[in-house]
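*Asks:* Need the complex rebuilt from these two chains, each delivered in its own frame; the hints are there to steer you.
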Amino acid sequence: MAKIEDYKNNSISAWCPGCSNFGILNAVKNAFVKLDNQPQEIVIISGIGQAPKLPHYLKCNVFNGLHGRALPVATGIKAVNPELTVLTVCGDGDFYGEGGNHLLHTFRRNPDITSIVHNNQVYALTKGQASPTTELGVKTKLQFDGVKEEPLNPLALAIIMNCSFVARGFAGDLDFLAEIIAAGIKHRGFALIDIIQPCVTFGVHQTPWYKDKIYRLENDHNPGDRDAALKKAAATGDKIATGIFYINNKPIFPEKEINLTENFGTDKKVLTELEKSFS
Amino acid sequence: MTEISIIICGQAGQGIQTVGYILAKAVLRSGYYIFAWQDFQSRIRGGESSFRLVISDQPVSSLPEKYDILISMDKSNTPFYAPLVKKSGIIIAENGSGENSVEAHFRKIAEDVGGNKIYANASAVGVVSGILGLDFKKIENVLKEEFSKKSDEVADKNIKVARYSCDETVKNNSKKFPPVKELKNPGRKILTGNESLALWAIAGGCRFMSAYPMTPSTGIITYLSETSHKTGILIEQAEDELAAINMALGASFAGVRSMTATSGGGFCLMVEGLSLAAMTETPVVIVLGQRPGPATGLPTRTEQGELNFALHSAHGEFPRFIFAPSNASDSFKIMIKAFEMSQKYRVPAIVLTDQYLADSYWTVENFNFENIKLNDCFSKPEDVAGEFKTYSITETGISERIKPGESENLVIADSDEHDQYGHITENLTIRKMMVEKRWRKLCLMTDEMNVPVPDGLYASEVVLVSWGSTGGIVSEVAGILSKKGTKTESINYTEIWPLKIPKEFFDKKRKFKIVVIENNFTGQFAGILEKEGVRIDGKINKYNGLPFTAEEITGEVEKTYGKN
Ligand SMILES: Cc1ncc(C[n+]2csc(CCOP(=O)(O)OP(=O)(O)O)c2C)c(N)n1
Ligand code: SF4
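Each protein sequence line maps, in turn, to chains P and L.
If you use my numbering, the first sequence corresponds to residues 1 to 279, in order.
If you use my numbering, the second sequence corresponds to residues 280 to 843, in order.
These are computed hints drawn from the structure, not numbers from a lab.
Among the clues, some could well be false.
Claimed, not checked - Now the in silico label distances, taken between C-beta atoms and shown as ranges: (1) K269(P) to E425(L): 20 to 28 Å; (2) P251(P) to T501(L): 40 to 48 Å; (3) E505(L) to F144(P): 54 to 62 Å; (4) N464(L) to G100(P): 32 to 40 Å; (5) F264(P) to E715(L): 28 to 36 Å; (6) F264(P) to L548(L): 46 to 54 Å; (7) I258(P) to L653(L): 51 to 59 Å; (8) G100(P) to A574(L): 40 to 48 Å; (9) K239(P) to S321(L): 28 to 36 Å; (10) E262(P) to T839(L): 54 to 62 Å.
Stated by the list, open to error - No more than 25 Å apart at the CA atoms, straight line, and that leaves these computed lysine to any residue pairs for SDA-like: (11) K276(P) to G466(L); (12) K652(L) to E262(P); (13) K250(P) to N654(L); (14) K250(P) to H508(L); (15) K276(P) to N420(L); (16) K417(L) to S279(P); (17) K268(P) to L736(L); (18) K8(P) to I681(L); (19) K269(P) to G511(L); (20) K268(P) to V433(L); (21) K782(L) to K711(L); (22) K711(L) to C722(L); (23) K231(P) to E179(P); (24) K269(P) to H508(L); (25) K366(L) to D391(L); (26) K256(P) to V433(L); (27) K268(P) to N654(L); (28) K256(P) to Q516(L); (29) K8(P) to I709(L); (30) K439(L) to N101(P); (31) K8(P) to S507(L); (32) K268(P) to C722(L); (33) K250(P) to N101(P); (34) K268(P) to N650(L); (35) K711(L) to S279(P).
Backbone N, C-alpha and C fix where the C-beta goes; we use that ideal spot for every residue, glycine too.
Pulled out of the complex, with its shape left as it was, chain L reads as follows (with noise of 0.2 Å):
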């Protein structure tokens, strides 16, 4: 297996994402997996930030302890990364001394070969690229569809720099990594994780996004939008998060997929409008990328702590569904999944990210278009027998939609408890029915949920519970205990609410030890287990804005319950 990591590290505005992307596409065209997480501070200039960038022959999802790589694009940066470089890795950066460190003066060679110092990262991107022995056609392609969207003269002086910058290294790097073989590349894309909820979003027949800007879901609408002249989606920047989610439902109630957008903070403000969304009975998609709070909390860095939140915000009792995606890839299968349950229950489907999945880039496989298949929730009106009733009560409780507008039939939603017809009611009679109709949905809610349950439960020692995020990181932990000689499996759950359980769990004489993985501090998910009636064995929680690395969860878990 080859895999190498390295660290491009900077100052907030001297353009290290863009020296990270660019390497990560060439990569990714040399026919390698590539996982890169950023790690930035709340602020637009200056302080401390780092791209981490992990390549690999094998998929990929998790950070290593120890880095092969660093790059320092500033010398402030230098001592902050340097500890986390490997003891067979290497420095490169302007003032790097010692043995394993190449001086790289990216500053001076960008103006003298391009004639701009603004060139300094195209000057990393050629070291990096001599250091590694990749095939520069590919950095060189790739600079080019980056930059030619400025002019073609930027585009070139980039390629210059990299090219010369590359040269140099090959010529004078006496410390040799094995160079990046070209595999074949079999057409495998990286997006980040907003980048992918926004496509499936629209995959899964969104037409309307409103939001309020919050770190870290803001990618979202921003890619909605730069992407609205293609695909005809209304998006609309809301003057706070009370008016997004009741935007939202005001499109959905006209007959359109809607969704919006948010953090903790964010959807603080929002779940008015679920309780809305729950009663009006008015389907909508809420994706709440996590942050650590409380309040304003850590606002770039990563937490899983509002599971707890959106299990039980918002006032009265309803019924919902929750989601939470592990990557780029499954976050395709979720928010089609999303929307298409919120539409044909409607009901509230929240779908849970983080800073960790948001702002990551993925390696997703092939995107699977031809296999989706929305189904359109809306009744025809000429099919509504008699005058129509938006809560009709049903077997399922689930009552039939028209569009206010398409025919003679009256669309009419109501916050205060109504009758069938939508008209508002205190009748306590038609109350208690309308309370058992919306939760008479849950059963069948329920039996839409998949866990996936692997086949060797009984015959392992541990089984490690993760949710979202954190599922790569887990089953790569799985694996490496399992080669140690400590048979784990692992089980995430991205199709968290309506909760299913494996039976296996219930379990009183179970062997296996149950080990429940969570980047909060008191273990939400575990805590819902364990109220359901599961013995949780063990939990692992981090909440100090980072997230998990394969290593330290292997050494926690190795502690308890390994074999040495």
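Looking at chain P on its own, in the form it has when it is part of the complex (with noise of 0.2 Å):
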């Protein structure tokens, strides 16, 4: 069985001190631990900010490409060895701004790949910008007037774009998200996973502040009922729900699952064979 310690690697973090990072990083381990992941077997690759910098505070694969790259570099690792079990770990300014565009096609490509999205609606690395989350009207050093751009909805885009998984997280309940985690890990196909990650530096609402207003997804909450799940994410008012919005089993890319990785060179007789067209 593997242990919390199997993952503990000894960097030293650049996260702020009290930062909700922390508890998403034990709630990663949480869920590998759930699913006895192996270290090796686990490749997390990551963009550029603040959160895309915990796979080197974890001991697994790493490839830290970047910003708004993550999903295609992903997309190609898990293509050539379907053996392994790869994450992207981003924030919501690399997912959704930099690299919207992947995402609207994995949506469509569906790799089985479970992408964790540090949502804590602000640019945190550049020293707080607006990101394509921060609500409307808060106020930046940039945007000085307050945003004035809509935010992005990201669930409910998932869900209309008929993604695999969708499911959103808060790093303020960390049980439920190693959970969320290990469900998105453990699905086949792309799972996406939105985390409120409140920002002590340059957030608008911290931690306390959510804590009344979020809540788990009732029992009888069905992932399979698309307009069910659409109606919760597009949900305004004072209650933010979490937990797995919607599941919808569909064939993945690659269709052929074969691991790549194995077979080295040449076939000559291949090369001969299409040859013949040529002459």
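*Replies:* Right under this line is the structure:
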């Protein structure tokens, strides 16, 4: 059985003291423990920002790529080696802004990847500008007279696009978060897990503010019911649902799961056969 | 020497490519070399387009200024292409008139004999076959192979229409062409530049390709897709070029050889990923099919305008390979080398092509698959001592690779500056070591590059220098000039970067003139040589979107250095 210590590494974190990212890191490790995943089976691909530093703080294979580009790298890795457990970890700016087009098409492509988005509604690493999920009217140093663009609703977008697994977690409810992440990893298909991640340095709302607004989706919510899921995702008002909103089992990419990393070289017979068509 | 040149012209969508391809294959099987270039507009229907076919008993890789035969599938195209026909040549068209014209009613014959206008192409094939005196059996076989994919009936009707048109032409044609005699067929092949690049990528061990369609490189992923059920290569059409290169890098990180292909505009989007490949030291092969820019430019025409871009693209400083095959034969060597070098040194390799190379049909003598030797550059996990270091500091700058998931060793790659293990660092001593480690590879990389330097450099008066797809044309020019009395040699660079320059070029007292020939405005390669200290005596540049002809280069060189 895997233990949480198996994922411990001794890197020194660059996160602010008290940041909710630490909790998410623990929930990720706990999800691996739940699934009994060995570090070498896991690859975490991350973008650039504060959140994407996460894979440096645990034990697993890591590809810390570019801002916005985690998904295509993850897609390439999983496509050629389906035996790996592949996750992406990014911030909301990275995933919904810079990488937005990849997200749209990953919904369609449906690789068996789990994407964790630390949604702190701010560009933290670049010191507090508005992100695609910042609420209307929020003032930042750059948006000094308030954000004028409507925030993106990632869950509703995902459900509309028939994303295979759609969930929201909260960095202040870590047991539930670990459960959600484990379910997302176990799910065959693309799993989007948006996590409400209060930022102690630049955030508008802190964890206590969320506490009485957040609730776990009722046991009677059926993740197979797309309309109900969409209604929950689009809901406005005081209450914020967390949990698995939507599950849609559908064919994954690539169709055939073959570990291509195992065969090296050229099959000369195949080449000779192809050659024939040119004479 | 026998050489016959043919233009088949018509609107886009009229199938002139099919006519040309069938003729080319039949002639190939009769023992000839062929070279064919396609000229088309960026549209799906209408306009003017042509398939230019050169048939010769000698190797060919260039087009003539004037052609022997024009076959026009479209009335409106005839006047456009007629000026390209030699005085001694003939024009075959439905509206053919005048002494050099043969009236041919492709559509009518198609309807009368085949029952449908769609067989007009077969009629054109038949007419040309009659004029050239080809062995009709060869035509018949190619038609059968091509059209029985649709149905036997379609194949039969095509053959019927073609045979009728051939027979009628033989009967009625007053203007006799010397017949194309059957030669021994040594089993040569024809394929397009793109097909060759794709085939050699397979030979180079490629297992994954992602790309976003862009002329003139789309043919590569198309071929890999069509053949994927046989090769097992996984291909994916990405949502954009950013995704394309990042997917390829993901696959490469996971442990397979991967590639992508694009044109200049798409490469603009890829350069961020190019830099990522460099920093994470993840091998990747990128085919950059150049086309005339800036911006959308002339999408279907040819140019060599992106050498400097390939060389200087992407943020940060890092070593890279740049190759530029000159034809479908040497793309064999080049593609395999691109994969091998990229793997060995863990750096990106860029392969420059252009429309002239990509869309043309080239004759290849033989494929020599037996000689392919690939080196697996991954270490065995059991040979790794201690905790695995993705970026171990070594004398050569090359660090060993293993595949994630293969063992308990973890593989950590980072686009941030990193320590030997791959973890993000801001330790500036490590930064300096890593920069030096990455650049240490350059020395060995340069040793790998080959530039074919002819022996007779000092004995020559003119040395023509070219790179990539103009190589074949320029070497023909050297032959022509030498025959006419100006001792000329040619050097074509296919292995461009890291740059190797023949020492004779730096000789201040050298008598031979160096003339650099490029399909671009500024003379990019000439500029690179000059920057290295080489005196360039002349530049010949063409930038109207069309390839060079041997005649025009010959004329230009003769004007300045000729004997007459
Ligand atoms: C192409 C590119 N553009 C901009 C940046 C600068 N940049 C780094 S992180 C970041 C935003 C980070 O915000 P988010 O993704 O929400 O993550 P957080 O830091 O909040 O966790 C930006 C704009 C970059 N690294 N690359
Ligand atoms: S800036 Fe905000 S999100 Fe980033 S580490 Fe600090 S508290 Fe956490």
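*Asks:* Against each hint, give a clear statement of whether it holds in the structure.
*Replies:* Hint check:
1. K269(P) to E425(L): 20 to 28 Å: 25 Å, holds
2. P251(P) to T501(L): 40 to 48 Å: 23 Å, violated
3. E505(L) to F144(P): 54 to 62 Å: Since the Cβ atoms of E505(L) and F144(P) sit about 56 Å apart, the hinted range of 54 to 62 Å holds.
4. N464(L) to G100(P): 32 to 40 Å: 56 Å, violated
5. F264(P) to E715(L): 28 to 36 Å: 31 Å, holds
6. F264(P) to L548(L): 46 to 54 Å: 31 Å, violated
7. I258(P) to L653(L): 51 to 59 Å: 20 Å, violated
8. G100(P) to A574(L): 40 to 48 Å: 24 Å, violated
9. K239(P) to S321(L): 28 to 36 Å: Since the Cβ atoms of K239(P) and S321(L) sit about 55 Å apart, the hinted range of 28 to 36 Å is violated.
10. E262(P) to T839(L): 54 to 62 Å: 59 Å, holds
11. K276(P) to G466(L): Cα-Cα ~10 Å, so holds.
12. K652(L) to E262(P): Holds. K652(L) to E262(P) sits at ~18 Å (cutoff 25 Å).
13. K250(P) to N654(L): 39 Å, violated
14. K250(P) to H508(L): Holds: K250(P) and H508(L) sit about 23 Å apart, inside 25 Å.
15. K276(P) to N420(L): 14 Å, holds
16. K417(L) to S279(P): Holds - the C-alpha atoms of S279(P) and K417(L) are around 12 Å apart, at most 25 Å.
17. K268(P) to L736(L): 39 Å, violated
18. K8(P) to I681(L): Measuring from Cα to Cα gives roughly 22 Å; hence the hint holds.
19. K269(P) to G511(L): 13 Å, holds
20. K268(P) to V433(L): Since the Cα atoms of K268(P) and V433(L) sit roughly 34 Å apart, the hinted pair is violated (cutoff 25 Å).
21. K782(L) to K711(L): 33 Å, violated
22. K711(L) to C722(L): Satisfied, since the Cα-Cα distance of roughly 18 Å is no more than 25 Å.
23. K231(P) to E179(P): 23 Å, holds
24. K269(P) to H508(L): Holds, at roughly 14 Å.
25. K366(L) to D391(L): It is violated: about 33 Å lies between the C-alpha atoms, which goes past 25 Å.
26. K256(P) to V433(L): 35 Å, violated
27. K268(P) to N654(L): 15 Å, holds
28. K256(P) to Q516(L): 16 Å, holds
29. K8(P) to I709(L): Holds - the C-alpha atoms of I709(L) and K8(P) are around 24 Å apart, at most 25 Å.
30. K439(L) to N101(P): 52 Å, violated
31. K8(P) to S507(L): Distance ~42 Å between K8(P) and S507(L) Cα, so the pair is violated.
32. K268(P) to C722(L): 33 Å, violated
33. K250(P) to N101(P): OK: K250(P) and N101(P) at ~21 Å, within 25 Å.
34. K268(P) to N650(L): 10 Å, holds
35. K711(L) to S279(P): 54 Å, violated
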